[in-house]
Amino acid sequence: MATGRLGVGETLQALNAAVGPGSPVWFKETHARHLRVRDFLAPRSALQARFRDGQVPECVFRAVSCLQGPGVAPVLRCAPTPAGLSLQLQRPAVFEHVLGALASYATPAKPASPGPRVILHCPALRCNPDTLRLSQLRAVLVADHLVRVLRAHGVRVCTVPPVRDPHMSTFLQKLRVEWPSASKNTSTETLRTCVLAKFNVSKEETLPPGVLGRLCLKELVEQRHAAGYDPSIDHCLVTEDLLSVLSELQEAARHWPEDGHPAPVGGPDAGVDDCVVIHVVSCEEAFQQQKLDLLWQKVDDQVPHRQKHLVCGPVKVAGVPGTQMTAPEYHRLRHAQVCKASAQKHGGDLAQDPAWTETFDILSVATIKFEMLSTAPQGQLLLAHSTISTKGTKSGTFVMYNCARLATLFEGYKHGMEQGLYPTFPLVSSLDFSLLHDEGEWLLLFNSVLPFLDLLSQTVSLASTPGLHIPVRTEMVCKFLVQLSMDFSSYYNRVHILGVSIQQGRVCGKYGQGLRLGK
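At position 62 of the sequence shown (counting the first as 1) the number is 62 in the UniProt record's numbering, and the numbers step up by one without a gap.
Where hints are given, some of them may not hold.
As the list claims (entries may be wrong) - Calculated lysine-lysine pairs in the DSSO-like style (CA-CA distance at most 30 Å, straight line): (1) Lys-184 with Lys-110; (2) Lys-218 with Lys-340; (3) Lys-340 with Lys-291; (4) Lys-218 with Lys-291; (5) Lys-394 with Lys-174; (6) Lys-218 with Lys-369; (7) Lys-291 with Lys-110; (8) Lys-298 with Lys-316.
What the hints assert, rightly or not - Derived CB-CB ranges, DEER-like: (9) Ile-497 with His-167: 41 to 47 Å; (10) Ala-49 with Thr-465: 26 to 32 Å; (11) Leu-382 with Pro-57: 49 to 55 Å; (12) Ala-227 with Leu-406: 31 to 37 Å; (13) Val-37 with Ala-463: 35 to 41 Å.
Simulated from the structure, these hints should not be mistaken for lab results. A virtual CB, placed ideally from N, CA and C, is assigned to each residue, including glycine.
My request is simple: use the sequences and hints to build the entire structure.
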């Protein structure tokens, strides 16, 4: 039996190592039809490219059949088939291993040593919420998602800017976005002195009102051309607002106010190498943000060496030509549509019922977040204006509906147990998982529970990638949730999970089977 958390990645790595040097040949099955007979497959075409006439050596068969190692799932059998080399796991052992330590499959392990510090900068949060564009709302929600994912993996994250507009704080609360607030502006005096010393203004030049001076950035752009900065950037007009933004970033990089993690002490580059700045911006803000990035490099010799940009693509609303609606208007639209759809399904004017108020708030925010995150952030997003559906399987509403199903199921069991209708659930170690035969059970474990943390780690990578932009894949989480909801919904509609109570003389359904799984 394997020790520690089982992993799809670890198992695939061990399988490919057993085949020998070369390109990977194994992949994990995901479709229910294939999972009836196998869990992993090395296709015949890949084996033919690796071995002469596609004949797999006997030593490879033995190595695969006896596969062991940290995180490697136990193998039941490996056999040649017309499709290729087919492998099936010891499913009862995998069930027991995973369900006996379920928390380790839901929560990422904390890193053994601190990784890079991350300053996550979202300029849209300095805006007036009443004029916040949908592309800026998208940037805010992507930034909030990144903060949650990175912190879940033990990464130290400092968010910038602190929100100073109370109306923005109120709007973020409606969106269930957690972001720090502040009442005072950061002092810009030191930075102002440094910047003024670098100005080289000719006497004949007349600066626009509110501009302190002009700094040439052309040389920096040419030096960093390979990184992907816009070659048309020539200079930057420095204003008080720009100095205030730089001051906030500088303060975060040098003093690290978040979570009590002080900035490292040491030489002049202390904290510079272990800090990554991620600017999450809308496509309209991208050009100005590159200027700010370069300006920071020009005026501060302790600027973090790595600045990455995540540019969120444009957001359009179908059927709304010309001026786009604002973020608050979009929130009100979706909230009204959720109320209307629920009223049509359940009857009555539920929007006036206080008991439903929070439910509608949660559903409308879930719908908005799912719409904004279900497309890769860098791509264009087209939103439907007319209506939302409670029947489709591709929306946040469908995911929330199945969350509610699960919550009701757990609450029903808990309440029934307190009333003496159901006994306490037995220890996992006392169950015989070989009695589980429904394909939906393995589908949920193998496609959802087992690979969840691997998928979560793939949504964003802090590895040193070349170029200015950082790859982020929020859509992977949305697709995962949709597929999980579809698989659970199918299983829920087919299988009677909570059976008849013991007070009625017998126990039936899948819960009853659970009680009969005793070894």
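Now for the hints, and whether the structure bears them out:
no.: 1; hint: Lys-184 with Lys-110; in the structure: 34 Å, violated
no.: 2; hint: Lys-218 with Lys-340; in the structure: 55 Å, violated
no.: 3; hint: Lys-340 with Lys-291; in the structure: 45 Å, violated
no.: 4; hint: Lys-218 with Lys-291; in the structure: 10 Å, holds
no.: 5; hint: Lys-394 with Lys-174; in the structure: 23 Å, holds
no.: 6; hint: Lys-218 with Lys-369; in the structure: 39 Å, violated
no.: 7; hint: Lys-291 with Lys-110; in the structure: 36 Å, violated
no.: 8; hint: Lys-298 with Lys-316; in the structure: 36 Å, violated
no.: 9; hint: Ile-497 with His-167: 41 to 47 Å; in the structure: 46 Å, holds
no.: 10; hint: Ala-49 with Thr-465: 26 to 32 Å; in the structure: 30 Å, holds
no.: 11; hint: Leu-382 with Pro-57: 49 to 55 Å; in the structure: 52 Å, holds
no.: 12; hint: Ala-227 with Leu-406: 31 to 37 Å; in the structure: 46 Å, violated
no.: 13; hint: Val-37 with Ala-463: 35 to 41 Å; in the structure: 37 Å, holds
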